[in-house]
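Residue-level listing of the chains:
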Amino acid sequence: MSASAKEKDPFIASLGKIYAGYTGGFAVFVILIAILEQMGVPDRILGYLFVGLTIGVYAYIGIISRTQAVAEYYVAGRRVPALYNGMATGSDWMSAASFIGMAGSLYALGYGGLAFILGWTGGYMLVAVLLAPYLRKFGQYTVPDFLGARYGGNAARLVGVIVLITASFVYVVAQIVGVGIITQRFLDVSFGIAVFVGLAGILVCSMLGGMRAVTWTQVAQYIVLIIAYLIPAFLMSAKVTGVPLPQIMYGFALERIEGLENQFRAAGMVPPPGVTGWHTQPFIGANGQFSMPAAVNFFALVFCLMVGTAALPHILMRYFTTPSVREARQSVAWSLFFIFLLYFTAPAYAAFGKVEIYQNIIGQPIASLPEWIKNWQIMSPYGVPWINIVDVNRDGILQWNEFRIHPDVVVLATPEIAGLPYVIAGLVAAGGLAAALSTADGLLLALANALSHDVYYKMIDRNAPTARRLIISRTLLIIVAIAAAWTAGNAGADILFLVAWAFSIAAAGLFAALVMGVWYKKTTNTGAIAGMAVGYVVTFGYLIWSEWFGLNFVQLFGAKEQIVAAARQVGTINPNFVSAELRAEAAAIVANAANVKDGALSWFGSIIGIPTDTVVLRNRVVGRLWGINNISGGIIGVPLSFLTIWLVSKFTTAPSQAMQDFIDDIRIPKGGVRLADQREAVE
Amino acid sequence: MPLVDSQEVQGARTAAVDRATGEAYWKKTSGLMWTVLAIWFVAGFGIHLLAPMLNPIHILGFPLGFYMAAQGSLIIFVVALFWFGKRQNQIDEEFGVQED
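Just so you know, the sequences run in chain order R and W.
Going left to right, the first sequence walks through residues 1 to 683 as my numbering numbers them.
Going left to right, the second sequence walks through residues 1 to 100 as my numbering numbers them.
If you're looking for bench data, these hints aren't it; they were derived computationally from the structure.
Keep in mind it's a predicted model, so treat the numbers as computed, not measured.
Hints are not guaranteed to be accurate.
To be clear about the criterion: a stretch of chain W counts as covered by chain R if any three or more of its residues have a C-beta under 8 Å from a C-beta of chain R, and this derived list gives those stretches [unchecked claim]:
{"#": "1", "segment": "32-41"}
{"#": "2", "segment": "50-59"}
{"#": "3", "segment": "75-88"}
DMTMM-like cross-link-like pairs, simulated, lysine to aspartate or glutamate; straight-line CA separation at most 20 Å [claimed, not checked]:
{"#": "4", "chain 1": "R", "residue 1": "LYS670", "chain 2": "W", "residue 2": "ASP100"}
{"#": "5", "chain 1": "R", "residue 1": "LYS521", "chain 2": "R", "residue 2": "ASP664"}
{"#": "6", "chain 1": "R", "residue 1": "LYS521", "chain 2": "W", "residue 2": "GLU23"}
{"#": "7", "chain 1": "W", "residue 1": "LYS27", "chain 2": "R", "residue 2": "ASP661"}
{"#": "8", "chain 1": "R", "residue 1": "LYS670", "chain 2": "W", "residue 2": "GLU23"}
{"#": "9", "chain 1": "R", "residue 1": "LYS670", "chain 2": "W", "residue 2": "GLU93"}
{"#": "10", "chain 1": "R", "residue 1": "LYS670", "chain 2": "W", "residue 2": "GLU99"}
{"#": "11", "chain 1": "W", "residue 1": "LYS27", "chain 2": "R", "residue 2": "ASP664"}
{"#": "12", "chain 1": "R", "residue 1": "LYS670", "chain 2": "W", "residue 2": "ASP18"}
{"#": "13", "chain 1": "R", "residue 1": "LYS597", "chain 2": "R", "residue 2": "GLU561"}
{"#": "14", "chain 1": "W", "residue 1": "LYS28", "chain 2": "R", "residue 2": "ASP664"}
Just so you know, even glycine gets a beta-carbon here, dropped at the ideal spot from N, CA and C.
If we strip away everything but chain R, and leave its shape as in the complex, we get (with noise of 0.2 Å):
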């Protein structure tokens, strides 16, 4: 079916016609929100039309697309033109996170929080060069497929499979959690609640159609949410700058944010807990000054986000879905520009909410601070309220240190700021759902193909029929899907730290073997088994040990200075969240702090010049090898496993001719593959 489709197919030719009618469609449903806003129709109301309205466009979408076709439900029949494939591409990977958090993350850190622009974005780079068009030209459905066929079947596969869950598990979880904070705010129901109504949007899109269904989704989920990011920002431009411009004209907020802060700070003041004082200045410790600690964290952070970007399943399982390899490669070029027009607005926001804030609330008497920020006194899921007026000093005017705001509160409440009409807040809303439920779609569907496909399918019944696979695909995305929005439900906003180790997961488990096997010949399946396994034990036992054991690590590896130092940061932590053991150990290192010694590995931990240290994260001491922060876990681990793979194969005997003519095969655009091992064909 798809060899005639290639040839014209009505679909795809009117493809632009379709997208074209639906964005002139929402732009007229929220002109008719908007005049029914004048009418006085309740806010609430409103709330529900756009939630309501756009959840049920997506479940249309899916359940138009719905598919009995096995390859029409893994790689959407390979005909998703590379544009639109972009489209669905920057939507799959714009989360909860990049939507509402973006930005605010960058209100707080400043220079700091471009490594996320720079990270989320650069890492296509290393997709476009060095995997998609060769996971196209391989031609299955999964990227543990890829794994089996190069690797010699189903150990290589197992464990690709395991560190695809592991990554997308934890990443799917905050993105439901993300559904359920926007659900809960704007349908007014409790979280545990909105955490199911989010779900079934996202069940509804995936489980009939499957990656065609989802494509289609996303794509249109896309439009919404890149019109909803875009023209809060221009509105935003248009009210400080009087020009709307946002990319271009926030660099006069910059400058005014330059000169308000040397103004708090002659005033005596000091920026409230988390906050940069100096917006624009690059790699600075708390005091202002250069610091080297700093500079290393921000690029190991770039590092591990690009290299994760360029290793997640369920992005690089996009590329599959092209009808060509030559479309591959130019689709990643438009998921990156696609991507690119949200980021580049992201520091906008930032600036302009800062400058609003500095220029207009900063100095204010307390008793009359503007509506908006009343309105956001509320309490948030992380304990405080979003927005959290402390008077520190009791003298009823409002200090830097003493407005404290939640990031997420800057995108959201941008439309407050600003004083514009509610249908822009629910446009916002309508948008950071958009883009929390295409991604949860995209992983779950990973995740539930990785399980029905590859672990079922190759490894468990390899002659199942074709109907029997799909019932299983979809049973299983239910299955996970409720896993998923179970943990959602009870770990909740303690858990979106998590995303952050679901790139360097990925990274230090998947990067190496896939690029090896493209570009390595001589990759041997041993070698890339224990490349795989080395990256991700290390980077997760990392993980793991250093954020729930900090304590324990920082006196492997830390200097005796640094183990006091941890011991004495426990005592400073709210007794209900350390263990009393723990609160005992260190109470007996600081008071024996004399004759502590130097951790047995601590010429291991200030290899390069900066010690391993702890600080105080999440209510726990988490350790720092070389003083990095542990999001950016991947910085051991890739090297390792890239390591790992090169020696092992140096040891091992070399892959077979035919492995090395399917080789040949995937490098080169024309022709078919000669798979090594026929049994890890598709069908």
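Knowing the structure of chain R, use the given hints to seat chain W on it.
Just chain W now, with coordinates in the frame of chain R:
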């Protein structure tokens, strides 16, 4: 429903191009790969090492170091990827290995 792709996969018993062409093609493709990775490294890391030095220069209010990380490098990434797609297509055609 039958799958066309699998026929394609199983039908391929011989290489699409001869060995010498394949090797020459791969050499040129690798060259392009290293070029793009060099651009990636400079735009993703290299320039930002200089950020503290670039920052005193202001353009339209932007400190240049900040601008490069917030926009400049991103524009380089996007342009480089479209250029890469075009360049790789030329190489494909030069060696006659493009898809039919």
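Consistency of the hints with the structure:
1. Residues of the segment 32-41 of chain W with a Cβ under 8 Å from some Cβ of chain R number 6, which satisfies the need for three, so the listed coverage holds.
2. With a threshold of 8 Å between beta carbons, the proposed coverage of the segment 50-59 of chain W by chain R holds, since 5 of its residues qualify and at least three are required.
3. Look at the segment 75-88 of chain W against chain R: 9 of its residues bring a Cβ nearer than 8 Å to a Cβ of that chain, three or more, so the hint holds.
4. Taking the CA atoms of R/LYS670 and W/ASP100, the gap is near 7 Å; set against the 20 Å cutoff, the hint holds.
5. Distance restraint check for R/LYS521 and R/ASP664: the Cα-Cα separation of roughly 9 Å lies within the 20 Å cut-off, and the hinted pair is therefore satisfied.
6. Between R/LYS521 and W/GLU23 the CA atoms are separated by roughly 13 Å; this keeps the pair inside 20 Å, and the hint holds.
7. Distance hint between W/LYS27 and R/ASP661 is fulfilled; the C-alpha atoms sit about 17 Å from each other, no more than 20 Å.
8. Distance restraint check for R/LYS670 and W/GLU23: the Cα-Cα separation of roughly 14 Å lies within the 20 Å cut-off, and the hinted pair is therefore satisfied.
9. Between R/LYS670 and W/GLU93, the direct Cα distance comes to roughly 10 Å. Compliance with the 20 Å bound is thereby established for this hinted pair.
10. At most 20 Å may separate the alpha-carbon atoms for a hinted pair to count; R/LYS670 and W/GLU99 meet this at roughly 5 Å.
11. Annotation: proposed proximity of W/LYS27 to R/ASP664 holds, straight-line Cα distance about 12 Å (limit 20 Å).
12. Taking the CA atoms of R/LYS670 and W/ASP18, the gap is about 12 Å. The hint holds against a cut of 20 Å.
13. Between R/LYS597 and R/GLU561 the alpha-carbon distance is near 9 Å, which keeps this suggested pair within the 20 Å criterion.
14. For the given pair, W/LYS28 sits about 14 Å from R/ASP664 by alpha-carbon distance, which is consistent with the 20 Å threshold.
Against the hints set out earlier in the document, no violation occurs for any number.
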